[in-house]
Amino acid sequence: SQTIHQWPATLVQPVGSPLSLECTVEGTSNPNLYWYRQAAGRGLQLLFYSVGIGQISSEVPQNLSASRPQDRQFILSSKKLLLSDSGFYLCAWSAGSGYTFGSGTRLTVV
Amino acid sequence: RKEVEQDPGPFNVPEGATVAFNCTYSNSASQSFFWYRQDCRKEPKLLMSVYSSGNEDGRFTAQLNRASQYISLLIRDSKLSDSATYLCVVNGGTALIFGKGTTLSVSS
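As you go down the protein sequences, you meet chains A and B in turn. Per my numbering, residue 5 is the first one in the first sequence, and the count goes up by one each step. Per my numbering, residue 278 is the first one in the second sequence, and the count goes up by one each step.
Calculated directly from the structure, the hints in this document are not laboratory data. If you're wondering where the values come from, they're calculated on a predicted model, not measured in any experiment. Be careful, since some hints might not be right.
Unchecked claim - Each pair of labels, with its calculated beta carbon distance range: (1) LYS279/B / THR32/A: 29 to 37 Å; (2) ASP75/A / ASN289/B: 23 to 31 Å; (3) GLU30/A / SER384/B: 33 to 41 Å; (4) GLY45/A / LYS322/B: 28 to 36 Å; (5) ASN332/B / THR112/A: 22 to 30 Å.
The beta carbon of each residue, even a glycine, is placed where N, CA and C say it ideally should be.
The shape of chain B in the complex, shown without the other chains (with noise of 0.2 Å):
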């Protein structure tokens, strides 16, 4: 079983939707949770931490499931600059272990 799992689309919605990404994770011993944003040819950037009571950042909104060891992210109102490739992100002990990535495109 990967360690971090996401669908990698992509996700083609307008702009306005409501859009929403998935992710589990295999170590059930994780303590901390990130999504990152990667641009293409671009360095990763943090987005949020996840916590687990749910947060939310305007538009955004992260929240984890240690039973089902699942993560998610909600993105309200969609624009054409959330355009990106989002990467779940789990602390591995180690180092931060990330998902591949789901790819999301918005269209006017």
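Chain A with its partners taken away, still in its complex shape (with noise of 0.2 Å):
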């Protein structure tokens, strides 16, 4: 079966400093990823989708950037984090019609 692992679960950063969450999938070939942010209040926003290796495409500008080096890792980075950047990340991954989202990660930037 598919699965979807995400990590860490919660991290707590200071500003300027670098980020990087790692989402890796199971069980499945070439799925399609998806980076989402959960700010406080707000809805998902989409932030990167990836279609294959070395693909990525952008939603909105913003201090972010994604890679995907391995068609089942999804890589979501920053080199200086700004207090705007706090919110709930979620990777998902689709193979068909819906999504399945990894358990996230809690970011707070300080």
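Bring the two chains, given one by one in their own frames, into a single complex with the hints.
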């Protein structure tokens, strides 16, 4: 069966520090992968999506970047975090209709 | 106009009540529709897909009106465990677009 792993579960980082969140999928090949962010009191905002290795599309201009070095690995990064980067980061995969989400990373930038 | 709009609630209902959530979407070309459930501080999980003919899954019934660009979710005989935020979701072509969610609180 397909599973999606996301880590860490929680993270507290100072302003200006770098960020790397990792997401891996098991049990499927060539999945579409997505990064969403859910800020406090707001809906899920699509940040990046990828249809294959090295293929990244960005939905909104921001302080973040994404990479897909392997078929089932999706990484979200930042060189210098801002306070506004705080939120609940969710990785998701799709092999048809509907998405399956990872358990998320709750990031607090202080 | 926001792409997917929902009444944020909260909806506070007693156990056993019937409650309905509504949602409107702006992209008339959308082809796929879903309801997700999100528990506090957890990831969203697929509750059910929504089909044009309407569909039912136990106590849950989803309806789609393409002409009005309107989606609904009906929950019958509410349980305490139904307390959560319900997200209306529409396929935006590139990716799924999520509403901000409607919060349901079921009390005994």
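Hint check results:
no. : hint                            : verdict
1   : LYS279/B / THR32/A: 29 to 37 Å  : holds (32 Å)
2   : ASP75/A / ASN289/B: 23 to 31 Å  : violated (46 Å)
3   : GLU30/A / SER384/B: 33 to 41 Å  : holds (40 Å)
4   : GLY45/A / LYS322/B: 28 to 36 Å  : violated (20 Å)
5   : ASN332/B / THR112/A: 22 to 30 Å : violated (40 Å)
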